[in-house]
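**Q** As a plain string of letters, each chain reads:
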Amino acid sequence: MIDETRTIDANELIIPALAGAYRTLGPLAYAAIRVLMALILFPGGIDKLFHGGAARIATGAITAMGWPFPYAWAWAVTFIEFFGAIMLALGLFTRPIAFAMTVQLAVIAFGIMIKRGMFWTSGGIEVALLLGLITFAFVLGGGGRYSLDHVIGREF
Amino acid sequence: MADQAETPKIIPALAWYRPFESLAYAFIRFCTGGLIVPHGMDRLFYSGSHGELGGILNSLGPSVVGTFELVGGIFLALGLFTRPVALLFAIEWGAIAITGAMGLKPGTSWLMLGATPHYPAFVAALCIVFILRGGGYYSLDRCLGKEF
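Which chain is which? The protein sequence lines are P and X, in order. The numbering used here applies: residue 148 is where the first sequence begins, and numbers increase by one. The numbering used here applies: residue 5 is where the second sequence begins, and numbers increase by one.
If we strip away everything but chain P, and leave its shape as in the complex, we get (with noise of 0.2 Å):
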């Protein structure tokens, strides 16, 4: 499991009087990011489901690609970006999820984004590649402590 359930030790701390907090915000941390990549990933699915993103990306960049069946790709990144969001913030089927956001990830990187240079101010390949490292940490780690996962007691 993912570092979750570590006690903190006060007197490991150079400011003990910080126990407390750490003790209580800490082991959220794991399943902060969950949502906070969710959160990140949600626009763009509620794009293009809602106000045509779906279309947009399938004529433009999954057709300049050159990819078969752009409609299709582009419906399966509207899944993932809209329900696969809202289940990745949920921690349910955190790891079948979290893969596919990272092959996802993985195409926008080094498909679309690695033209525009290194850095997010033109664009660059580090936004994808940084997300995409995250979900994939997530397919390491699932849902952790924190997720519909754990509740249930099962998970991928």
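Be a bit skeptical, because a hint or two may be false.
[Said to hold, decoys possible] The following label-pair restraints were derived from C-beta to C-beta distances:
1) P:ILE193 <-> X:ILE95: 27 to 33 Å
2) P:GLY167 <-> X:ALA17: 39 to 45 Å
3) P:LEU172 <-> X:CYS147: 20 to 26 Å
4) P:ALA157 <-> X:ILE95: 41 to 47 Å
5) X:CYS147 <-> P:PRO215: 48 to 54 Å
6) P:TYR218 <-> X:GLY107: 31 to 37 Å
7) P:ILE299 <-> X:TRP20: 32 to 38 Å
8) X:PRO88 <-> P:THR171: 16 to 22 Å
9) P:GLU159 <-> X:LYS109: 28 to 34 Å
10) P:PRO163 <-> X:GLU10: 29 to 35 Å
No lab work stands behind these hints: they were computed from the structure. Using N, Cα and C, we set each Cβ at its ideal position, and we do this for glycine too.
Use these hints to put chain X onto chain P, whose structure you have.
**A** Structure of chain X alone, referenced to chain P:
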């Protein structure tokens, strides 16, 4: 081992990731720090752009900010002085996000494929989480036996 309380797997035979499960938090910290380092290298060695830094950070000079990003990024990746470094990065990247947001034209999308400040805002938020959790089990802070 960081924590042995493992959730049972639906398909145990496919759980190749089991030995790496406890590394997830450290991996996130490592990647975040590791991707801040190129910003520092760019500012220090390649005269990279620093327009995104905004007034206060720009007044420090790109070499100061670049050195901090280079050294601090390595520290964050290794989990050394995690909380103070994460605090400074949260301030820096939060300031970059606010500067970027103020410069956006109305109606500009914050979606991923644009060069919008959602990325620095995300990095700042991650750093706030690192402040809460610290370096974690796989960090130099734990090896030192003392942390902020």
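**Q** With reference to the structure, classify each hint as holding or not holding.
**A** Hint-by-hint comparison with the structure:
1. P:ILE193 <-> X:ILE95: 27 to 33 Å: The hinted range 27 to 33 Å holds for P:ILE193 and X:ILE95, with Cβ atoms some 30 Å apart.
2. P:GLY167 <-> X:ALA17: 39 to 45 Å: holds (43 Å)
3. P:LEU172 <-> X:CYS147: 20 to 26 Å: holds (23 Å)
4. P:ALA157 <-> X:ILE95: 41 to 47 Å: violated (26 Å)
5. X:CYS147 <-> P:PRO215: 48 to 54 Å: holds (51 Å)
6. P:TYR218 <-> X:GLY107: 31 to 37 Å: For P:TYR218 and X:GLY107 the Cβ distance comes to about 36 Å; the hint holds.
7. P:ILE299 <-> X:TRP20: 32 to 38 Å: Violated, since P:ILE299 and X:TRP20 (Cβ atoms, about 21 Å apart) do not stay within the stated range.
8. X:PRO88 <-> P:THR171: 16 to 22 Å: holds (20 Å)
9. P:GLU159 <-> X:LYS109: 28 to 34 Å: Taking Cβ atoms as reference, P:GLU159 and X:LYS109 lie about 49 Å apart, which means the hint is violated.
10. P:PRO163 <-> X:GLU10: 29 to 35 Å: Holds - the Cβ-Cβ distance for P:PRO163 and X:GLU10, about 31 Å, lies within 29 to 35 Å.
Checked against the numbered hints listed earlier, the structure breaks hints 4, 7, 9; every other hint is satisfied.
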